[in-house]
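Asks: Residues per chain are reported as follows:
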Amino acid sequence: MNRRTVLRALAALPIVGALTAIVSPLYRVLRPTAGPFDFFRPPDVASAEAQVVGKASDLAELWSFTAFEFVQKNVEYTPQGVQESRIPGFVVRVTPEIARAWGYAGGQFIVISRICTHLGCVFNYVPDTADISTGYNFRPSTDAPHFGCPCHLSVYDIVQGGKVVSGPAPRAPRKFEFIVEGDDIRVTSLEAGGVA
Amino acid sequence: MSRVSKLAASLKPLLAGQPEKAIKELRDRLDHFDLFDETKTEQARGNPLYILGPMVYVFWLVVTVSGALLMIYYVPTTTDAFNSILHIQDTVFLGWFIRGLHKYAADALIIALALRLYRMYFNAEYKKPGELAWIVGILVLVMAMGSGITGYLLIWNQRAFWATKVVFGVAPTYIDFVPLLGELNLGKTISQVLLGGAAVGQATLTRFYSVHYGISLIGLALVEIYFYKTRLKRLNLRWRSLAVIMGLLLLVTFIFQPVEMGRRANPLQTPLPILSDWYFLGLYQQLKYMPPAPAILSQGAMPVLAMILPLLDRRRERRPGDRPFFTIVGVTALVTWIVFSILIIANVADINRDPPIITHVLLAALAIGILWERKRWGRFVPSIWHFMAYSMTITFLFVFNMTYAMREAPVMIAGTGFGVPAWLVWLLELLALAGLVNTLFFAEEAYARGILNRFLPGRFQMKKAG
Chain P
1 MNRRTVLRAL
11 AALPIVGALT
21 AIVSPLYRVL
31 RPTAGPFDFF
41 RPPDVASAEA
51 QVVGKASDLA
61 ELWSFTAFEF
71 VQKNVEYTPQ
81 GVQESRIPGF
91 VVRVTPEIAR
101 AWGYAGGQFI
111 VISRICTHLG
121 CVFNYVPDTA
131 DISTGYNFRP
141 STDAPHFGCP
151 CHLSVYDIVQ
161 GGKVVSGPAP
171 RAPRKFEFIV
181 EGDDIRVTSL
191 EAGGVA
Chain R
1 MSRVSKLAAS
11 LKPLLAGQPE
21 KAIKELRDRL
31 DHFDLFDETK
41 TEQARGNPLY
51 ILGPMVYVFW
61 LVVTVSGALL
71 MIYYVPTTTD
81 AFNSILHIQD
91 TVFLGWFIRG
101 LHKYAADALI
111 IALALRLYRM
121 YFNAEYKKPG
131 ELAWIVGILV
141 LVMAMGSGIT
151 GYLLIWNQRA
161 FWATKVVFGV
171 APTYIDFVPL
181 LGELNLGKTI
191 SQVLLGGAAV
201 GQATLTRFYS
211 VHYGISLIGL
221 ALVEIYFYKT
231 RLKRLNLRWR
241 SLAVIMGLLL
251 LVTFIFQPVE
261 MGRRANPLQT
271 PLPILSDWYF
281 LGLYQQLKYM
291 PPAPAILSQG
301 AMPVLAMILP
311 LLDRRRERRP
321 GDRPFFTIVG
331 VTALVTWIVF
341 SILIIANVAD
351 INRDPPIITH
361 VLLAALAIGI
371 LWERKRWGRF
381 VPSIWHFMAY
391 SMTITFLFVF
401 NMTYAMREAP
411 VMIAGTGFGV
421 PAWLVWLLEL
431 LALAGLVNTL
441 FFAEEAYARG
451 ILNRFLPGRF
461 QMKKAG
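Chains as they are written, first to last, in our numbering: chain P, 1 to 196; chain R, 1 to 466.
I should point out that these hints are in silico values taken from the structure, not numbers from a laboratory. Idealized CB from N, CA, C, for every residue including glycine. Careful: at least some of the hints might be erroneous.
Over 10 Å on every C-beta distance to chain R, these chain P residues come out as not near it, computed from the model [stated by the list, open to error]: (1) Pro25; (2) Gly35; (3) Asp44.
To give a feel for the contact side, a few chain P residues facing chain R, derived at Cβ under 7 Å [said to hold, decoys possible]: (4) Arg31; (5) Val75; (6) Glu76; (7) Tyr77; (8) Gly120.
Here are some chain P residues pointing at chain R (derived, C-beta under 10 Å) [what the hints assert, rightly or not]: (9) Ala34; (10) Phe39; (11) Phe40; (12) Pro42; (13) Ser57; (14) Glu61; (15) Leu62; (16) Gly106; (17) Pro168.
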């Protein structure tokens with residue numbers, strides 16, 4: 001290394017510094033919720049108030065279910081700052097073992113988002129295994145109901161905690177946090193990271 | 001000297017601190033730079049394929065001007081966007097015509113860009129000193145597609161809304177499924193920056209409006225600077241050809257009216273199937289067939305692989321028949337894209353049945369390429385680069401094929417309700433695959449040694465050497 005190389009390297013420093021200084025403000029123009037040099041900030045999270053999505057008394061039988069829409073507020077970079085979106089979901093009556101397989105502490109219900117983890121379609125509750133065989137291209141080994149997405153035929157096994165047993169979905173459906181108050185099934189929040 | 005060491009040698013001046021040599025090489029490429037075939041005046045005289053470059057420029061101008069006119073009446077809000085398009089289409093004087101011109105000129109722009117790239121591919125115009133022109137050509141296509149998908153959303157109809165959700169809301173989040181990379185939340189962040197929030201909404205529309213017009217305008221400004229600096233003639237095109245092209249565009253605009261509107265976007269109702277603009281359909285079909293992480297990585301790798309093509313194909317030959325392997329790869333890519341697009345329009349996608357078939361067809365095509373290469377040059381694998389390209393493709397195909405077979409689900413025999421265990425299907429496939437490739441190689445070998453002569457009519461017989 002000679003003197004010329006050292007001088008050249010020193011001359012390059014301000015250029016690199018200037019570039020670094022430009023990137024952060026540019027990023028903040030595109031993403032106003034980020035702070036200075038805050039490149040690896042976690043994604044903005046949606047907020048929501050607790051909502052009653054079903055009655056426990058309507059879901060007395062095993063495998064009975066009801067559909068609902070959960071309203072949440074997503075961060076949006078507009079003057080309003082938020083956008084309201086409706087997340088479709090299912091409440092399904094299950095056994096405590098199945099609820100534990102889904103990661104709940106136990107109880108009688110699972111409450112999940114109907115948004116398919118593949119490309120964001122809205123999937124169905126399919127109680128009849130014959131329908132899964134003919135309609136979703138998969139032959140279940142049990143008689144239990146499954147979730148099936150009509151877009152690209154992903155099948156989720158409810159008994160195994162939403163495991164993808166067929167089709168291109170990359171992971172199990174996202175869950176809602178909920179509490180049962182008397183007869184009310186009250187959803188408090190949605191697992192983060194999903195598509196709104 | 002092997003190809004690798006040659007490559008290393010060409011990088012040497014840069015590494016050895018002799019940037020002057022590297023700059024000289026770069027200047028050589030810049031001297032042969034070509035944006036709209038404006039330097040190819042010789043070829044343009046005899047070959048109609050060389051009007052593709054000027055066509056790109058003409059359509060670009062038409063799209064920009066008609067777009068500026070549309071901006072007068074367009075309202076970029078989620079509530080009014082669809083209504084304003086209806087207004088343009090039905091009430092505004094000549095609105096239907098301007099919108100038609102904008103849409104069909106944009107389609108024509110994409111077609112001309114793609115055909116020009118295929119021409120450059122099959123004529124090997126990407127070889128020295130045309131590398132830079134080739135790379136910029138691909139970048140322009142990617143940007144045009146970006147302008148396409150951002151412009152598509154501005155209508156705010158069902159198809160555009162859901163296409164945006166898939167391409168910008170869901171697809172980037174697949175990056176988070178890649179091990180280690182997932183910790184950075186990169187995919188979700190990219191998605192939120194692109195959408196201007198967590199979901200497709202008003203911020204998305206505004207952002208896309210900006211990008212849609214920005215790409216065209218900034219691009220045109222750069223083009224003008226280029227022509228100002230080089231003093232080249234912008235349109236390497238005769239007036240008669242220009243008149244024919246514009247006439248055809250007007251004819252298409254008049255015949256195919258009204259331009260498709262679709263239905264108003266509804267975030268609560270997924271359309272079946274989710275589709276996008278026509279040039280994205282092939283990619284959509286691939287997204288259906290492959291598991292998320294490899295799908296998104298391979299689609300991201302496509303333009304990159306295309307751009308490093310001058311590195312992969314380093315021989316001097318330019319005629320398609322003299323570089324059979326790359327000719328076959330190009331034909332296969334084109335055919336795959338067309339077939340995938342047709343399949344998704346027909347809504348045919350059986351994720352258990354199709355990937356193995358596709359794998360076998362693609363492998364057979366590659367095998368033909370290698371056999372042809374041997375026929376032409378008397379060698380099996382002409383260079384390490386061919387070998388690399390071949391093995392990369394095969395690895396890619398195996399992922400394509402295997403990930404579905406590896407699932408625990410039995411593969412259903414269509415219409416019977418019976419399933420075959422996945423491992424058995426996978427084993428059979430492996431055997432079939434090996435069998436297919438070996439049979440082809442064996443047949444070629446037998447032909448080359450003259451063993452097949454007794455079964456073949458005279459003019460097909462292999463002549464004895466010497």
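Asks: Hint by hint, which ones does this structure get wrong, listed from lowest number up?
Replies: Structure breaks hints 3, 13, 14, 15, 16.
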